[in-house]
Amino acid sequence: MGKSLFQKVWDAHTVGTIADGRTQLFIGTHLIHEVTSPQAFGMLRDLGLGVKFPQRTFATIDHIVPTINQDQPADPLAAEMIDAIRKNCDDFGVTYFDLASGKQGIVHVVGPEQGITQPGTTIACGDSHTATHGAFGAIAFGIGTSQVRDVLATQTIALQEMKVRRIEVNGDLAPGVYAKDVILHIIRLLGANGGIGYAYEYAGDVFDRMSMEERMTVCNMSIEGGARCGYVNPDAKTVAYLNGRPYVDMTDFSATAARWLSFASDADAVFDDIVKINATDIEPTVTWGISPDHGIFISENIPDPATASTPLEKASIEEALAYMKLDPGTPIKGVKIDVAFIGSCTNGRLSDFREVAKFIQGHKVAPGVQALVVPGSQIVAIQCEQEGLPEIFRAAGFEWRGAGCSMCLAMNPDKLIGDQLCASSSNRNFKGRQGSSTGRTILMSPVMVAAAAIRGSVADAREVFNLQTPAAVA
Amino acid sequence: MALEPVPSVTGRAVFIPGADIDTDRIIPARFMKCVTFDGLGEFAFYDVRFDEHGVKTEHPLNDPRFAKASILVAGVNFGCGSSREHAPQSLRKYGFNGVIAESFAEIFYGNSTTLAMPCVMASPADVVAIRHAVEADPETEVTIDVQVLRVRTSGGLDIPVTMPDSAREALLSGRWDPIQELLDNDSAIYAKAVELQYV
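Going line by line, the protein sequences match chains X and V.
First residue of the first sequence: 2, per our numbering; consecutive thereafter.
First residue of the second sequence: 413, per our numbering; consecutive thereafter.
These are computed hints drawn from the structure, not numbers from a lab.
Here a beta-carbon is modelled for each residue, glycine too, at the ideal position from N, C-alpha and C.
Don't take every hint at face value.
To be verified - Covered, in the sense of this in silico footprint (three residues per stretch, anywhere, with C-beta under 8 Å from a C-beta of chain V), are these stretches of chain X:
hint	segment
1	30-39
2	50-57
3	153-161
4	312-320
5	402-413
6	426-437
Chain X on its own, in the form it takes in the complex (with noise of 0.2 Å):
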């Protein structure tokens, strides 16, 4: 019986079993941030223990880091936080991509483009969307600060096994249908909490397809159906995205690459659940409500609770679009939106500003609405700027930032003002996430988000760029 690559990855790692049950397991790589490491930092120092491996910890800010004068934070608060983390990477021997270093950007971001992030790992991060890095093939899961202590003190933590559901999208997606409304029509279909206690392998011939950034939106939303890991079998992308990067041992490339692609899940592997989606049946997807789960095609119109089929579900729908302030039954279309924002670590890679840049050139951002882009690592702004892509999008109407998380949790300064309503081509539309407390969130993917900047409104890209489904073949 063949094994999948998550139990492969995970048998590799076991250290051994604690005494509660749980699995020891080994974490290859740890990734830190401003926000969930300094308190891990304090009990280190509390407890008077080191860092095991130092060289297996890499950190960056991204949190909070302004997208105007990056390096010059007028929020004290946040200044501390920075000084906190340049003053524990120092202390203990941690590479630390500072602002200063032209690599820093979204730790999600900066791991793959660095060649950190490789197949058959575990990757461990105090955030959620360290599933994200589970595009390359690798075991990767976001962890609390207690377990960032206790990676940083022993490079393993204590966890419990997940299962295992493969999950398979095949056929050709439409024209303006992107990774990023397969991933939300997921979810829509599994539910914000289907994935509890389960890693996603996302497969079939869609995913092949797709590059490794968009792999990485896909892997990067698992999390919001309540899978605290998603991957995908590594490939011969996956080896020639790596290829050369600064932290890949190019010694013996070939037996590395074949040492890669060894844990991709066998042919006859078993999985504990399977399910099957066609890609045809996919069309662009938005929210409508303040889950991630809430998603419906732009075609449709916004769920009405009269027709509830619970009354759970019914106090859910009105709980909703109480806080959305919108109308049941109605299109979605046509919803004016405030503010548009590109960007965050399921989007805001070269792929996706290229993408958009293809579109934008001859429109304007629609008046009164404020739209910003903010490219999610230093990299990934020095190649747009290399292609020209900030002159493209500023010519359009958009404002181009600085490198960071930025509007999509808000801890820096972009952030919502009142009931504003952002078109958003990030992973969250929790209430109050984009920093007001009444501010209000749709997601969707970056070239819709484009389109109801244009329009001033939620709108369908196929229409505002004219994507046209290619005529059936007679």
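With chain X fixed as given, assemble chain V onto it according to the hints.
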């Protein structure tokens, strides 16, 4: 590092309505601009306890009848979203010692157990029963019995609950914070690092 076993917790309870209560709701991100967990208690559920003008809302945590509650009762997927340990830290510092819900998000669950805050799962009907009991009489004492996996109330409810074996064992044996056990396996850790060519 022997820790205090947690065979049960007892106290008054409060029901917080809603499915998928995320950790941004439990502790909004702006309160995470800090380098310690001190002082997070007062900001638990801040943006649903206060409106945008800072005026108290009708949230159950603002209801004086539930002011002494130390057990939180909730619906499905409690603690979803961000991995921030700030969320269970803020609940602990607010005064909560245990949570009963239909289901929990995984990262929140692990974080809570490491803070010795038992989280148990009850059926939807039993969550409704507990809610009705505490809303009818807010002075109802609720006990989460980790040993036998029951929730009992002073009004006579006695319902089965579940929790992963590992969490139950960790709480009962005083091993809810695993750091010492992890440290103790030092030689196995080094051996694994060498085996995986990670050193």
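Practice prompt. Taking the numbered hints from earlier one at a time, note which ones the structure violates and give those numbers from smallest to largest.
Written response: Those not satisfied: there are none.
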